[in-house]
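Visitor: Each chain is listed here by its residues.
Protein chains: 2
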Amino acid sequence: MRLATLRNGGKDGQLIVLSPGGDHYAPAPVATLQEAMERWDEVAPALAAIADFPHPLHPAALAAPLPRAWQWLDGSAFESHGALMDQLLGISPEKTGLPLMYQGLSDRFYGPQDDVPMADEALGIDFEGEFGVIIDAVPMGTGAEEAMKHIRLIVQINDWSLRALAGPEMKTGFGWVQAKPACSMAPFAVTPDELGDAWRNGRVCLDLIVDWNGERFGAANGEPMGFGFHELVAHAARTRDLVAGTVIGSGTVSNPNFREIGSSCIAERRGIEVVDEGAPRTGFMKYGDRVRMEGRTADGRAPFGVIDQRVVAAR
Amino acid sequence: MRLATLRNGGKDGQLIVLSPGGDHYAPAPVATLQEAMERWDEVAPALAAIADFPHPLHPAALAAPLPRAWQWLDGSAFESHGALMDQLLGISPEKTGLPLMYQGLSDRFYGPQDDVPMADEALGIDFEGEFGVIIDAVPMGTGAEEAMKHIRLIVQINDWSLRALAGPEMKTGFGWVQAKPACSMAPFAVTPDELGDAWRNGRVCLDLIVDWNGERFGAANGEPMGFGFHELVAHAARTRDLVAGTVIGSGTVSNPNFREIGSSCIAERRGIEVVDEGAPRTGFMKYGDRVRMEGRTADGRAPFGVIDQRVVAAR
Numbered sequence: 001m002r003l004a005t006l007r008n009g010g011k012d013g014q015l016i017v018l019s020p021g022g023d024h025y026a027p028a029p030v031a032t033l034q035e036a037m038e039r040w041d042e043v044a045p046a047l048a049a050i051a052d053f054p055h056p057l058h059p060a061a062l063a064a065p066l067p068r069a070w071q072w073l074d075g076s077a078f079e080s081h082g083a084l085m086d087q088l089l090g091i092s093p094e095k096t097g098l099p100l101m102y103q104g105l106s107d108r109f110y111g112p113q114d115d116v117p118m119a120d121e122a123l124g125i126d127f128e129g130e131f132g133v134i135i136d137a138v139p140m141g142t143g144a145e146e147a148m149k150h151i152r153l154i155v156q157i158n159d160w161s162l163r164a165l166a167g168p169e170m171k172t173g174f175g176w177v178q179a180k181p182a183c184s185m186a187p188f189a190v191t192p193d194e195l196g197d198a199w200r201n202g203r204v205c206l207d208l209i210v211d212w213n214g215e216r217f218g219a220a221n222g223e224p225m226g227f228g229f230h231e232l233v234a235h236a237a238r239t240r241d242l243v244a245g246t247v248i249g250s251g252t253v254s255n256p257n258f259r260e261i262g263s264s265c266i267a268e269r270r271g272i273e274v275v276d277e278g279a280p281r282t283g284f285m286k287y288g289d290r291v292r293m294e295g296r297t298a299d300g301r302a303p304f305g306v307i308d309q310r311v312v313a314a315r
Numbered sequence: 001m002r003l004a005t006l007r008n009g010g011k012d013g014q015l016i017v018l019s020p021g022g023d024h025y026a027p028a029p030v031a032t033l034q035e036a037m038e039r040w041d042e043v044a045p046a047l048a049a050i051a052d053f054p055h056p057l058h059p060a061a062l063a064a065p066l067p068r069a070w071q072w073l074d075g076s077a078f079e080s081h082g083a084l085m086d087q088l089l090g091i092s093p094e095k096t097g098l099p100l101m102y103q104g105l106s107d108r109f110y111g112p113q114d115d116v117p118m119a120d121e122a123l124g125i126d127f128e129g130e131f132g133v134i135i136d137a138v139p140m141g142t143g144a145e146e147a148m149k150h151i152r153l154i155v156q157i158n159d160w161s162l163r164a165l166a167g168p169e170m171k172t173g174f175g176w177v178q179a180k181p182a183c184s185m186a187p188f189a190v191t192p193d194e195l196g197d198a199w200r201n202g203r204v205c206l207d208l209i210v211d212w213n214g215e216r217f218g219a220a221n222g223e224p225m226g227f228g229f230h231e232l233v234a235h236a237a238r239t240r241d242l243v244a245g246t247v248i249g250s251g252t253v254s255n256p257n258f259r260e261i262g263s264s265c266i267a268e269r270r271g272i273e274v275v276d277e278g279a280p281r282t283g284f285m286k287y288g289d290r291v292r293m294e295g296r297t298a299d300g301r302a303p304f305g306v307i308d309q310r311v312v313a314a315r
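Which chain is which? The protein sequence lines are A and B, in order. Take 1 as the starting number for the first sequence in UniProt numbering and just add one per residue. Take 1 as the starting number for the second sequence in UniProt numbering and just add one per residue.
Hints are supplied without guarantee of correctness; some may be wrong.
Stated by the list, open to error - Cut-off 25 Å, straight-line C-alpha distance, at most; resulting in silico cross-link-like pairs (BS3-like, lysine-lysine): (1) A/K95 to A/K171; (2) B/K171 to A/K95; (3) B/K95 to B/K171; (4) A/K95 to B/K11; (5) B/K171 to A/K171; (6) B/K95 to A/K11; (7) A/K171 to B/K95.
By construction, these hints were calculated from the structure, which means they are not laboratory data. Treat the numbers as computed from the prediction; the structure is a model and nothing was measured.
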């Protein structure tokens, strides 16, 4: 089952269900995805039972599947990414053996084709291609095995980052505020079964195809996460109840063979350049630049649809 | 004007307006405080015009004035607190000259008399007495002077912390997730004018009286903030639009003469003990312990009402 949200002038839009072919939709019998997450056990069968999809789908009419969420917790579960970022930032964070995670802005997720306004081109505007999950309510103390059952939907995210601010904020120990503006989501939130065996061990085992201004930038696969999403959920739930509709991110998708397959963010390529050439060579995004991201199956399908958007100056 | 939220079985409760004496209330002509923040310019005059307060107020029926928020950004603006905490944690975070701030759990604020469930007594359960502000929508890039006008309400907060997890999470650079469960709010959110000249320079210049199990623990004043709330708001808005209803916290209220007036959290007292005696002596909270917090005017009033609650084991 694939779900999306149609813009309707409200803050949360109108939840819709996609036809199997993805070119038509039916309005869901519940107004919003947030409401569906709050009553998933009851709502999901009604969504799955829809057989008539009368309306043609126009991707430009779609918001993020969850246009705002009560909580966004982003991990950093790909070790090859973390190692390069530490090198680039010149830091040696303590290794705890636990997942890395921060809480980010969740009152807005940009839609897949929205222009993304940034405060200043000089702040090191970067994309970060990620996968994520949306859970229903998870009680405090839930373990990883049980947490797996609460993973109801899978999404694809661009976690926008301002690199000039990221290192200094990390060094405070307080995490990121200014360095992390609102994220974007690909148009379709999908149930795990939609991914077939590409959903295994709590990982999204798909290539994330990233193009920057029309040129291939990366095609890293989601499989080599150091922790599965179920383990990230359990980590997040250790000392808090997780509210229904919480979004948990993987962190930048990255593979150890980054020299062959490329990266899902510019900072990582710059880290490689530092290692290989002694200094970064690739600049960050400029106003007007586009980034396109598409999680792709082995047979060429894009279950989450496509993020394709442009960075612009705020106001 | 003082506002509160009556429990009504829903997630956001019913907004009410207090009588001048604070012992009666009228239902607000808008359902929730979130809605009031979204339409403040239109709603505030209607709230202020209420002259008839027919219902007696029962404090036990009150939720947090804002039972959940789209965003909670907590500063750490009292330098005497920061210096002691660094000493206790054995860290030397880089000084940036900018406010310190993290984004915390905002999908739940406990009411002033709620029992507070914690995952494990061994995690170093601590209170943190703070002041905070609730803003209406603030556009990205708003400066401090303009930000001052968006401070619509002032609140009093207990930012619960798990100290055994706080230091390790800081050292990752990602900030706190497990170390920061849901916060509590005192019952009344007040407009700045309610504080008279105790609201000046963007600071809440009141003593925050903190009692732990019936014994006086601290009475620090909110005046010596290193940054005013308007500066914290501007910091938060540098690279993001701030959604209406965002809550911004001061961080633990702390004064340089902490040896005379005490502290607003246990960790700070432990820091003093480390400095004075070479090791911490005071333990953290145990299940069943109570903490009481009351911001108090010079003439003995408590404009925010009182937080008085108990720590209990989760489930």
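Visitor: Tell me the hint numbers this structure goes against, listed in increasing order.
Guide: 4 and 6
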